[in-house]
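Undergrad: Sequence:
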Amino acid sequence: MASEVYARVVFQSPLPALDREFEYVVPETLVAELAVGCRIKVPFAGQTKEGFVVALAAEAAFQGKVNAISELVSKVPVLQSHVYQLLKAVANRQCCSVGELLDNAVPKRSVKIDKAFVLPNPAPMAKPNDSKLATLVRPFFDATTGYPSFVTKLGQIVAQHLEEGRSVIVCVPDFRDLKRVESLLQEQLAPETLIVQDSTELGSKRYEAFLAQLSGGPRVVLGTRTAIYSPLPGDAAIIIWDDGDQSHQDQQSPYLTTREIALIRQSLFGGPLHFLSHSRTTEVQRLVEIGYVQEDFIEPWRPKVILSEGRGLDATSFKIIKEGLETGSVLFQVGSPGVARSLFCDQCSERSQCSNCNGPLWVNAKGQIACRWCGQLNLDFTCKDCGGKKLRQGGAGVTRWVQQLGKSFPGIPIREVTAETSYVPSSTKPAIIVCTAGIEPEVDSGYSAVILIDCATQLGRDTLRAPEDALRAWLNALSFMQANGKAVAVGVSDEVSKALSLGQVIETVSDILQDREELGFPPARRVLSVTGSLDSLNKLGERLREVEGLRVLGIAEAKTSTAVGDYRLIASFQYAVGAQVADELRSFQLTLNSKDTRTNIKSGRALRPVTIKFDDPRVL
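Residue numbers (the numbering used here): 1 to 620.
Calculated from the structure, these hints are not laboratory results. Just so you know, these numbers come straight off a predicted model, no measurement behind them. Since no wrong hints were added, every one of them can be taken at face value.
Below, computed lysine-lysine pairings styled on DSS-like, alpha-carbon distance capped at 25 Å:
#, residue 1, residue 2
1, LYS41, LYS65
2, LYS205, LYS179
3, LYS429, LYS319
4, LYS115, LYS41
5, LYS75, LYS205
6, LYS108, LYS205
7, LYS88, LYS49
8, LYS319, LYS304
9, LYS88, LYS108
10, LYS498, LYS319
11, LYS41, LYS88
12, LYS613, LYS539
13, LYS322, LYS304
14, LYS319, LYS407
Turn these sequences into a full structure, and let the hints steer you where they fit.
TA: Written out as structure tokens, the structure is:
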């Protein structure tokens with residue numbers, strides 16, 4: 001009698017009770033066909049459940065009766081061992097389950113495509129290369145290629161790694177950047193080399209693209225944030241474009257950014273890691289300053305940006321628009337799609353800060369100025385930078401600017417571009433393109449001028465990241481401008497805007513990072529936010545206060561929550577105690593029961609007792 005083989009199986013489920021490996025006997029008929037990563041069906045709780053094989057062993061770890069696998073669904077090893085290792089590392093860091101991450105890593109199966117797939121021989125490993133590089137790209141339109149300069153630089157790095165025999169994962173924020181990069185790479189690469197992981201594709205197309213990543217030979221996978229879970233070899237190079245873009249933030253569990261998952265993946269398997277951007281996030285700057293990431297390909301530049309302290313369409317911006325229309329189209333970037341609701345100092349335009357915890361201020365339901373983090377009232381506001389006593393709120397949105405520009409420039413086409421609309425530029429008649437940051441359309445040969453309007457609103461948003469986000473948005477807009485074009489930043493004269501005009505990106509971000517370190521804010525420290533009932537959070541607060549190196553900032557009503565009667569606990573802690581904090585959170589979650597379930601405001605569906613997030617941009 002042949003010795004038995006045992007399979008360890010995981011299920012694609014967010015339920016805490018299923019967040020572990022289960023053991024099953026492999027029937028003799030399946031021993032020769034079954035491999036790690038295959039889909040199978042097994043008996044579970046009186047039903048048949050689909051799962052993935054993550055390990056095979058000659059002995060059982062469980063001493064009791066072990067059921068047998070019911071069926072081999074597919075011979076294709078879709079859950080690669082290194083991807084499963086990555087999922088476990090991510091789950092441990094974020095206090096979530098491996099099962100809920102599987103949706104990101106393995107798409108839904110297409111039976112027809114699955115049966116026709118033949119697994120090739122694995123590709124040979126490339127030469128060792130574990131470099132981690134931060135690259136600033138000159139933010140101007142590349143007239144020689146017809147693409148924004150970052151696309152050209154990205155294409156050069158991809159070509160370099162392919163020459164080394166190394167596969168490449170390219171992660172971009174959204175479909176606009178995806179289409180730009182795809183167009184260039186299609187010109188450079190053989191069709192079988194480039195695999196586009198487009199989230200808008202139908203299920204069968206997505207699965208086909210996924211299986212293509214298991215093929216032998218170096219491949220390039222281009223996609224948005226889920227591309228970071230690609231089954232390409234563990235030593236594949238990773239390129240992240242514009243890691244500070246909010247689209248890189250997963251809005252569902254594990255609530256991580258592409259940058260964070262890439263760092264975990266690189267630490268596990270090695271392989272080169274590139275951060276490309278026109279600006280730089282404080283997170284990447286911190287990695288540079290501690291020596292974990294090196295600066296590379298720094299391209300110095302001095303943009304033609306005029307700073308104007310006026311508000312609205314002043315004489316300077318009017319003049320630049322008029323001159324720009326003589327040779328091409330003009331980009332008009334607006335700080336807000338509607339009306340900005342943040343609070344900032346009317347005198348110096350700095351972000352308002354709580355006197356207790358330095359958190360952002362807002363106007364609560366009673367019309368009082370309160371802290372979004374700790375809930376403390378700040379009725380007697382005093383600006384910590386200039387001593388000003390008056391707060392300002394709001395700013396003009398896109399629609400209003402379209403109307404005003406139409407009156408100021410009669411006969412000139414004024415085009416409003418939104419996330420839901422597309423724009424096809426006219427080759428014969430220049431136009432003024434009005435849009436918010438992140439949705440700027442390309443025009444042939446680039447814009448002749450760029451107007452950054454109401455910059456004070458962008459700098460004054462009630463988020464910790466307002467200065468670096470504003471700098472990133474402005475520089476991204478300039479990337480669509482001709483190298484000899486002109487730009488105006490309206491409504492600012494602060495240090496951040498001066499850095500824009502002087503090309504001092506690194507110096508400014510480094511200063512912002514230093515301020516964060518002094519205040520104990522991310523990325524110098526991590527910030528934990530837990531949303532749930534007041535009773536649950538009070539109990540959690542008592543436990544967390546015992547962790548050395550952690551400070552509970554407060555518990556306040558969560559106005560932005562999707563659940564009824566939610567409160568939010570905010571705490572900051574040192575990186576060194578991250579594992580201890582994660583252990584405390586896991587232990588706390590086990591104490592919660594069904595009576596702690598929350599209810600979604602809109603759908604009425606039950607939610608988890610608590611929602612755990614780290615460094616949540618919506619809170620910070």
